[in-house]
Amino acid sequence: MFDRDTWQEIFSTLKKNKLRTFLTGFSVGWAIFILVMLLASVNGMQNGFTGQFNDDATNSIFVRPGVTSKAYAGFEAGRRVQLDNDDYEYIKQSFPDDIEYISGRYFTNTTARYKSETGSYSVQAVHPEFQIIEKTIVTDGRYFNEADFTNKAKVAVIGRKVAEDLFKNEDPVGKFAEFNGLSFRVIGIFIDEGDDNAERRIYAPLSTYQRIYGNTNNINQLALTYNPTYDLTKALEFSGRLEDLMKRRHKVSPEDQSGINIWNYAEAFDNISSFTTVLDVIAIVVGFLILIAGIVGIGNIMVFTIKERTKEIGIRKALGAKPKQIVNSVLLEATFITALSGFVGLVFAWIILSLVGPAIKTPAFSNPSVGLSTVIIATIILIVAGVLAGLIPAINAAKVKPIVALSDK
Amino acid sequence: MDDIQIANKPIMIEIKDLHKSYKMGSNSLHVLKGINFTAEEGELVAIMGSSGSGKSTLLNILGMLDSADTGEYNLDSVPIKDLNETKAAQYRNKFLGFIFQSFNLINYKSAVENVALPLYYQKVNRKQRQEKALKYLEQVGLKEWATHLPSELSGGQKQRVAIARAMAAEPKVLLADEPTGALDSKTSYEVMDLIQKINDAGNTILVVTHEEDIAQMCKRIVHLKDGVIVEDKKVKQVRAQQYV
Chain L
1 MFDRDTWQEI FSTLKKNKLR TFLTGFSVGW AIFILVMLLA SVNGMQNGFT
51 GQFNDDATNS IFVRPGVTSK AYAGFEAGRR VQLDNDDYEY IKQSFPDDIE
101 YISGRYFTNT TARYKSETGS YSVQAVHPEF QIIEKTIVTD GRYFNEADFT
151 NKAKVAVIGR KVAEDLFKNE DPVGKFAEFN GLSFRVIGIF IDEGDDNAER
201 RIYAPLSTYQ RIYGNTNNIN QLALTYNPTY DLTKALEFSG RLEDLMKRRH
251 KVSPEDQSGI NIWNYAEAFD NISSFTTVLD VIAIVVGFLI LIAGIVGIGN
301 IMVFTIKERT KEIGIRKALG AKPKQIVNSV LLEATFITAL SGFVGLVFAW
351 IILSLVGPAI KTPAFSNPSV GLSTVIIATI ILIVAGVLAG LIPAINAAKV
401 KPIVALSDK
Chain B
1 MDDIQIANKP IMIEIKDLHK SYKMGSNSLH VLKGINFTAE EGELVAIMGS
51 SGSGKSTLLN ILGMLDSADT GEYNLDSVPI KDLNETKAAQ YRNKFLGFIF
101 QSFNLINYKS AVENVALPLY YQKVNRKQRQ EKALKYLEQV GLKEWATHLP
151 SELSGGQKQR VAIARAMAAE PKVLLADEPT GALDSKTSYE VMDLIQKIND
201 AGNTILVVTH EEDIAQMCKR IVHLKDGVIV EDKKVKQVRA QQYV
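Protein sequence lines, in the order shown, are assigned to chains L and B.
Under my numbering, residues 1 to 409 are what the first sequence spells out, in order.
Under my numbering, residues 1 to 244 are what the second sequence spells out, in order.
Quick caveat, the hints were computed from the structure, so don't treat them as lab data.
Do not rely on the hints blindly, as some may be mistaken.
Unchecked claim - Estimated spans, in silico, between C-beta atoms of each pair: (1) Ile377(L) <-> Thr86(B): 47 to 55 Å; (2) Leu83(B) <-> Val278(L): 34 to 42 Å; (3) Asn300(L) <-> Lys233(B): 53 to 61 Å; (4) Lys234(B) <-> Ser12(L): 22 to 30 Å; (5) Glu152(B) <-> Lys324(L): 46 to 54 Å; (6) Phe288(L) <-> Gln128(B): 27 to 35 Å; (7) Thr147(B) <-> Phe288(L): 25 to 33 Å; (8) Val384(L) <-> Val244(B): 57 to 65 Å; (9) Lys399(L) <-> His30(B): 20 to 28 Å; (10) Lys324(L) <-> Gly34(B): 31 to 39 Å; (11) Tyr108(B) <-> Ser354(L): 46 to 54 Å.
Unchecked claim - The following residues of chain B were derived to be distant from chain L, with all beta-carbon distances above 12 Å: (12) Ser110; (13) Glu113; (14) Leu117.
Claimed, not checked - If you want the footprint, here are the derived chain L segments under chain B, 3+ residues with CB under 8 Å: (15) 11-17; (16) 334-343.
All values reported here derive from a predicted model rather than from experimental measurement.
Ideal Cβ placement from N, Cα and C applies to all residues, glycine included.
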């Protein structure tokens with residue numbers, strides 16, 4: 001199969017029929033191109049989704065209190081559930097092995113001013129550990145630490161947009177800005193890739209804000225990450241325990257989803273994963289169907305080619321070509337055209353993806369690309385496809401009777 | 001004296017009671033009705049007959065392109081019987097060289113590539129193929145045309161390339177089916193001159209023709225009519241050389 005003569009035969013045949021070779025190859029090249037683009041698009045969507053979710057650690061859980069929807073334990077429905085510092089301490093101590101990091105969240109808004117610039121921003125007052133839970137990337141300065149927290153220091157980490165708006169060309173780190181009239185020292189700047197709104201946010205120690213706003217103990221939400229060694233089952237089991245405990249503690253019916261809601265990213269992530277898997281499957285199926293059309297196209301043209309070359313095959317047989325040799329050369333020819341044109345389609349798709357891919361960055365779609373495994377699988381498919389495409393024509397060719405082919409009278 | 005000498009030569013082709021019929025719908029067309037024929041090594045036999053006489057069918061059977069219904073066929077003492085395609089291909093390649101009326105060169109291959117093709121199927125290596133093909137092209141006087149495509153050659157030249165190709169595999173028997181049928185008379189004589197020379201060198205050649213003058217250039221004429229041999233005679237060979 002791999003001797004030079006066979007290939008020379010194939011090359012000379014293909015070379016003499018350039019247009020036909022091109023037309024034959026185009027269908028498969030195109031099919032592979034579409035297959036790769038489809039897979040890359042799904043990959044892009046996947047990247048988009050996970051990118052959005054990866055904003056938070058994937059092992060994070062949020063405890064969100066709300067308004068009860070069911071009467072329970074002597075309380076009427078419609079009661080607002082309020083978390084406070086005790087809940088924080090209680091959870092932290094109840095699940096020492098399950099919890100990696102935990103932080104309270106307190107949401108408020110502030111009008112910030114620096115020199116003549118003012119702006120209205122949302123403030124999240126949190127524990128220092130929240131940086132890890134939220135995966136906040138600090139580019140300048142630092143995040144606040146335990147010491148700041150304990151001292152209830154008036155320090156803030158501001159988003160890149162906030163820094164741009166308020167401080168213009170100045171370096172904000174170390175400068176003082178007024179938040180609702182109170183002076184806060186900016187100790188760091190953070191960025192959030194792909195989400196401008198997040199960069200209009202300000203982080204400050206929870207303790208500071210609790211003191212400023214009337215010495216309260218209140219917390220709006222609890223955010224935590226569970227032990228990263230947990231798999232989905234263990235994570236769900238843990239969030240179940242957490243939910244039971246919190247509902248009992250706040251006298252919320254176990255069936256009441258609005259009184260206390262435990263939002264587990266592992267679960268959501270799992271849903272997204274199965275969603276993108278479905279998309280993947282759809283892309284592969286559609287790609288395959290197109291590929292089949294391509295294969296049929298090649299097979300079709302090969303059948304025609306064999307018809308056209310009946311006489312030549314007859315001559316070859318009269319000169320001593322065995323049926324096997326004819327089958328081999330037709331199969332090899334089909335495989336070669338398929339593999340080559342498919343490869344061209346693949347490379348073409350790859351070039352387009354590497355040129356355009358990185359430029360695409362929307363929340364739902366980012367950096368579409370294909371992995372090496374996809375390329376390898378596609379290549380294997382191509383070779384199989386080539387053999388399939390050549391099979392029927394090859395059998396036809398082998399059946400050519402030299403006597404019929406050569407009858408010229 | 002001559003006859004005795006020939007009789008001593010080994011028998012190349014031996015056919016006994018060969019029958020062949022074709023199904024045409026519900027009818028059956030009996031084309032060969034019991035052919036008995038023997039050719040010795042070094043003979044140059046013309047097979048003549050009008051169209052429908054069965055001469056082409058006979059040649060196809062001799063060429064293993066078709067099989068007989070009944071009868072015996074031995075080629076160089078090898079019984080040709082119940083051949084599958086692969087075996088037939090092997091025998092064709094080893095025993096037979098074909099020369100066709102319409103040359104049947106592969107049009108996208110150069111003269112030398114065409115001549116080398118049977119050698120390719122014999123699995124002769126590339127270098128030897130090239131050498132041999134050139135040698136046979138030289139024999140037919142077309143060495144300078146080796147790299148030309150068939151479309152760049154005249155009819156006579158094409159037939160000479162085809163003859164070189166038939167010779168290249170060094171077959172036992174050359175089968176020529178109306179080799180001059182597509183050529184003008186001058187070129188025909190040139191081709192016949194070449195065939196005679198090849199025959200002079202000891203090759204066995206069968207020529208199917210319906211042209212009397214071509215037949216006269218062979219050494220023996222077999223007349224077919226309605227599927228039987230009606231006449232089988234030795235002739236005084238007319239040399240084609242004198243007309244060239």
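To see whether the hints hold, each was checked on the structure:
1. Ile377(L) <-> Thr86(B): 47 to 55 Å: At roughly 37 Å between Cβ atoms, Thr86(B) and Ile377(L) fall outside 47 to 55 Å, so the hint is violated.
2. Leu83(B) <-> Val278(L): 34 to 42 Å: 58 Å, violated
3. Asn300(L) <-> Lys233(B): 53 to 61 Å: Taking Cβ atoms as reference, Asn300(L) and Lys233(B) lie about 55 Å apart, which means the hint holds.
4. Lys234(B) <-> Ser12(L): 22 to 30 Å: For Ser12(L) against Lys234(B), whose Cβ atoms are near 46 Å apart, the range 22 to 30 Å is violated.
5. Glu152(B) <-> Lys324(L): 46 to 54 Å: Cβ of Glu152(B) to Cβ of Lys324(L): about 33 Å, so the range 46 to 54 Å is violated.
6. Phe288(L) <-> Gln128(B): 27 to 35 Å: With Cβ atoms ~47 Å apart, the hint is violated.
7. Thr147(B) <-> Phe288(L): 25 to 33 Å: The hinted range 25 to 33 Å is violated for Thr147(B) and Phe288(L), with Cβ atoms some 46 Å apart.
8. Val384(L) <-> Val244(B): 57 to 65 Å: For Val384(L) and Val244(B) the Cβ distance comes to about 59 Å; the hint holds.
9. Lys399(L) <-> His30(B): 20 to 28 Å: 26 Å, holds
10. Lys324(L) <-> Gly34(B): 31 to 39 Å: 36 Å, holds
11. Tyr108(B) <-> Ser354(L): 46 to 54 Å: Violated - the Cβ-Cβ distance for Tyr108(B) and Ser354(L), about 39 Å, lies outside 46 to 54 Å.
12. Ser110: 10 Å, violated
13. Glu113: It is violated; Glu113(B) is separated from chain L by about 8 Å at its closest Cβ, not greater than 12 Å.
14. Leu117: Leu117(B) not clear of chain L: closest Cβ-Cβ about 5 Å, inside 12 Å.
15. 11-17: holds (count 3)
16. 334-343: violated (count 0)
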